[in-house]
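Engineer: Sequence:
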Amino acid sequence: MELINIQEVIPNQDNPRFIKDYKFKKLVRSIKDFPEMLKLRPIVVDSNMVVLGGNMRLKACKEAGLKEVYIIKADELTEEQKREFIIKDNVGFGEWDWDVLTNEWNNQQLDDWGLDLTPFEDSIEDVIAQETHKEEKEKLNICEVCGKGLA
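For the sequence shown, my numbering assigns the number 151 to the last residue and increments by one with no breaks.
Keep in mind the hints are simulated off the structure, nothing from the lab. There may be inaccurate statements among the hints.
No farther apart than 30 Å at their CA atoms in a straight line, the calculated lysine-lysine pairs in the BS3-like style are these [stated by the list, open to error]:
hint	residue 1	residue 2
1	K26	K39
2	K88	K20
3	K62	K73
4	K67	K20
5	K32	K62
6	K88	K59
7	K39	K88
8	K32	K88
FRET-style restraints, in silico, Cβ to Cβ [as the list claims (entries may be wrong)]:
hint	residue 1	residue 2	range
9	D89	D21	21 to 27 Å
10	T78	E104	40 to 46 Å
11	L117	E76	37 to 43 Å
12	D75	Q13	38 to 44 Å
13	T102	Q7	27 to 33 Å
14	K32	T78	33 to 39 Å
15	R17	L77	14 to 20 Å
16	R41	F18	15 to 21 Å
17	K25	E76	34 to 40 Å
18	E80	N107	38 to 44 Å
19	Q81	K20	25 to 31 Å
20	F93	E2	36 to 42 Å
21	E8	D99	16 to 22 Å
Note that the Cβ used here is the ideal one computed from N, Cα and C, for glycine as well.
Build out the structure end to end from the sequences listed, making use of the hints.
Structural biologist: Here it is as structure tokens:
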């Protein structure tokens, strides 16, 4: 891991992710409030200093006025591995335990830290119906986006 000049890091122009204005502002505020986290979650770059993981953090760090960022070089990856990393770095495999979150955590802090609390905005019946529908589609191997059967 290295601490380098932020201008040396090149945003990935082919990054398939984006962040909306409201969440971007929350990310900038989060970086200003807790900059130590950046050392624990450095930006991942390739041998050309192009970002593989952390494009939004890099953008937010610049907006927050940081002059240096922590990076980790992933300079031994093939082009195919780089593409795979970019996607896998942004995929959320886990699920939140909403019962634990509502009982053990402060909702305002969770919101401030960037957790999407929209399940709390829906009625419990709506959330259960959505989850049941999603599970049924997964069992039938139906695409969530287009509704077509998958092979």
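Engineer: Each hint should be assessed against the structure and marked as holding or not.
Structural biologist: Here's how the hints hold up against the structure:
1. K26 x K39: With a Cα-Cα distance of about 19 Å, the restraint between K26 and K39 holds, given a limit of 30 Å.
2. K88 x K20: Cα-Cα ~20 Å, so holds.
3. K62 x K73: Holds: K62 and K73 sit about 20 Å apart, inside 30 Å.
4. K67 x K20: Holds - the C-alpha atoms of K20 and K67 are around 24 Å apart, at most 30 Å.
5. K32 x K62: 11 Å, holds
6. K88 x K59: 20 Å, holds
7. K39 x K88: OK: K39 and K88 at ~21 Å, within 30 Å.
8. K32 x K88: 27 Å, holds
9. D89 x D21: 21 to 27 Å: 22 Å, holds
10. T78 x E104: 40 to 46 Å: The hinted range 40 to 46 Å holds for T78 and E104, with Cβ atoms some 43 Å apart.
11. L117 x E76: 37 to 43 Å: Holds - the Cβ-Cβ distance for L117 and E76, about 40 Å, lies within 37 to 43 Å.
12. D75 x Q13: 38 to 44 Å: At 19 Å between Cβs, range violated.
13. T102 x Q7: 27 to 33 Å: Once the Cβ atoms are compared, 43 Å apart, the range 27 to 33 Å for Q7 and T102 is violated.
14. K32 x T78: 33 to 39 Å: 37 Å, holds
15. R17 x L77: 14 to 20 Å: 19 Å, holds
16. R41 x F18: 15 to 21 Å: 19 Å, holds
17. K25 x E76: 34 to 40 Å: At 36 Å between Cβs, range holds.
18. E80 x N107: 38 to 44 Å: 42 Å, holds
19. Q81 x K20: 25 to 31 Å: 29 Å, holds
20. F93 x E2: 36 to 42 Å: For E2 against F93, whose Cβ atoms are near 29 Å apart, the range 36 to 42 Å is violated.
21. E8 x D99: 16 to 22 Å: For E8 and D99 the Cβ distance comes to about 45 Å; the hint is violated.
Hint check: violations occur at hints 12, 13, 20 and 21; the rest are consistent with the structure.
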